[in-house]
Amino acid sequence: MSGILEFMTDYTLRTVALGSATLGLVAGALGAFAVLRRQSLLGDAVSHAALPGIVLAFMVTGSKTPLILVIGAALSGWVASLLVLLVVRTTRIKMDTALGLMLSTFFGLGMVLLSVIQRTAGEGMAGLDHFLFGQAATLVGEDLVTMAGLGLAVLIVLMLLWKEFKLLSFDPEFAGALGLPVKGLNVGLTTLLVIAIVIGLQTVGVVLMSAMIVTPAAAARQWTDRLGVLVALAGFFGALSGLIGALVSSLIPRLPTGPTIIMAITLITVLSLLFAPRRGVVAGWLRTLSQRKQVASDSILADLYRLADQHPEPAEAPHEVPVLVAMRSGEAVDKGLAELARQGLTALEPDGRWRLTPEGVDRGRHLVHGTLAEGGEPA
Amino acid sequence: MSETATTDKLAVRVTDLTVAYHHRPVLWDIDLEVPAGKLMAVMGPNGAGKTTMIKAILGLVPTAAGRVQILGKPYAQQRHLVGYVPQRGSVDWDFPTTVRDVVMMGRYGALSWFKRPGANERKLAAEALEKVGMNEFADRQISQLSGGQQQRVFLARALVQDAQIYFMDEPFQGVDARTERAIVDLLKELRALGRTVVVVHHDLQTVKEYFDWITLLNVRRIACGPVNAVFNQENLRLAYGGRVEFLEGRTRREPENDIDEDLRGLGRIRP
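So the protein sequences, as listed, match chains V and C.
In this text, residue positions in the first sequence follow this note's numbering: the first is 1, and each later residue adds one.
In this text, residue positions in the second sequence follow this note's numbering: the first is 1, and each later residue adds one.
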């Protein structure tokens, strides 16, 4: 409760929370496309590659205005992603290798530049190293305006070019055959991703930002089979984790916001992986379990049918449990018979023997001979 | 002979088409002439460049040389007359979308920028799905489709393009006999409407039954012409390098009697 009260009154907390939610929303929505296009690592490369751009922007302008640093970050992240595409297209180096190459080269360069200006600029550069792991507490109203403006622009472009980006992500060759400018759309979507990433750098930092791209989409994919819902849900999960991270880190002293946001989205993802209705791990276990149960009771039913089939009136021929146990080498026959009775396929006689019901005879015939009684419907 | 080319109207004309990857020629100096209204098979061994040729004609891979004309004009001007069925395995079938959505993608080229598909596109998609016997699956998530159903969805997507000339890359790959039969019937209906279909094909046994025109390819063009003129031992040996034991006059597969019943839902194509 106190967190909510503080949120209403505390300017810093409100700024941090809104900023974190904005970065989560935009990164989640754009990340959904990156994940579907199997470019999850591109986000990682772009965010690491933003570091030298931030430092260079400061070295050239001497200013720490958020917009200037964001432009620097975007430019160097963008150059890195284009270099990745160029390397893949012109050499025999594969995508993953090219991404690793650019990531480490640009990040290394950024670290070198950072230590250079640490020596030369002294106090003036204070704060630039916050971009490594993010420092949400330094967010001010001006940052928020920049983030919200860029984020809104990214989302509007995404909506306008929705069908083009959808086709590009699903089947780029068909898009090309239709005459869509595939290269241009590729660069466009990558540019949107770069902007989504640089929006979050001040809060989450270049090292952890890729998690905000990949994880919300991975969580959202568990819950839906529609692209629109996926993108919206990934944005929602991202924004939610931003809010949770900001609030939790404000309640516990010295807890950094960026890593807390990452922990929040990770928790959401783990829960989604486990408990989503169709794709979840638990749902998969339950399915396997019920299939196993079905197979087990089906084979008991088949045994009972084979026994009963030797009598003129199968439904009136009860058999003893020990006979079935012998046929099934002792596997949970009692449980299976009870389950079959529950389905109305078997019935227990007063003398403790089991017989098939007429429905049980039909189903048994189907199981054993693969045929149905006259007019019977497949079970 | 009725099979000889009516060269006055060429659907596809390819001149000097050459493609190279890393300085190794994949297609060398290909010339093709496909008359309108033909079903043409493109055949050759693995690595012969069949898929690359289709993609090069459609401008999807960079070419070192060559010109492509569709119905007498450069491809760039005639793109709207061309439909495409890529290999089924070229996309991720776990993509979060429905059958209807995929089919409507065939209309994206005709829709202007920023415009979303609407009622008209839904109607066209429903008609195309009807033709391939998949209308019950319109709302199905595409990851739940079998291989043959995936292929039918791709065909429906091409049908909504309402093209004059279709390029299909291995539409018979990994589909059961029933779907293969359904696709063949669809191809013949397209031909009856005067459409031209170019199909990358693998099965030497069915060439005569399915197609009336053929291109044999092995980096270079080995032969291109009517099936009964160029589909012979000599050309096959040139294309496949003598590894082919093809028996002329071997029994054709006879369609089973109940096949028509199986193909319910596979309607007629209206002009």
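A few of these clues could be false.
Computed far set for chain V versus chain C, every beta-carbon distance over 10 Å [stated by the list, open to error]:
| no. | residue |
| --- | --- |
| 1 | V60 |
| 2 | D129 |
| 3 | G179 |
| 4 | A296 |
| 5 | T357 |
Pairwise CB distance ranges, derived in the manner of DEER restraints [to be verified]:
| no. | chain 1 | residue 1 | chain 2 | residue 2 | range |
| --- | --- | --- | --- | --- | --- |
| 6 | C | N228 | V | I156 | 54 to 62 Å |
| 7 | V | T91 | C | K115 | 36 to 44 Å |
| 8 | C | F114 | V | V145 | 24 to 32 Å |
Read the hints as simulated data drawn from the structure, not as lab findings.
Built from N, CA and C at the ideal position, the CB exists for glycine as well.
Here is what the structure says about each hint:
Listed as a non-interface residue, V60/V keeps its Cβ farther than 10 Å from every Cβ of chain C; the least gap is roughly 37 Å. The Cβ of D129/V sits about 40 Å from the closest Cβ of chain C, beyond the 10 Å cut-off, so the non-interface label holds. For G179/V, the requirement that its beta carbon stay farther than 10 Å from each beta carbon of chain C is not met, with the minimum near 5 Å. Listed as a non-interface residue, A296/V keeps its Cβ farther than 10 Å from every Cβ of chain C; the least gap is roughly 27 Å.
No Cβ of chain C approaches the Cβ of T357/V within 10 Å, the least distance being about 34 Å, so the stated non-interface status holds. Separated by about 59 Å at the C-beta atoms, N228/C and I156/V satisfy the suggested range of 54 to 62 Å. A C-beta distance of roughly 39 Å is found between T91/V and K115/C, which places it inside the suggested range of 36 to 44 Å. The given range of 24 to 32 Å is respected by F114/C and V145/V, whose C-beta atoms sit roughly 27 Å from each other.
Violated hints amount to a single one, hint 3; each of the other numbered hints is respected by the structure.
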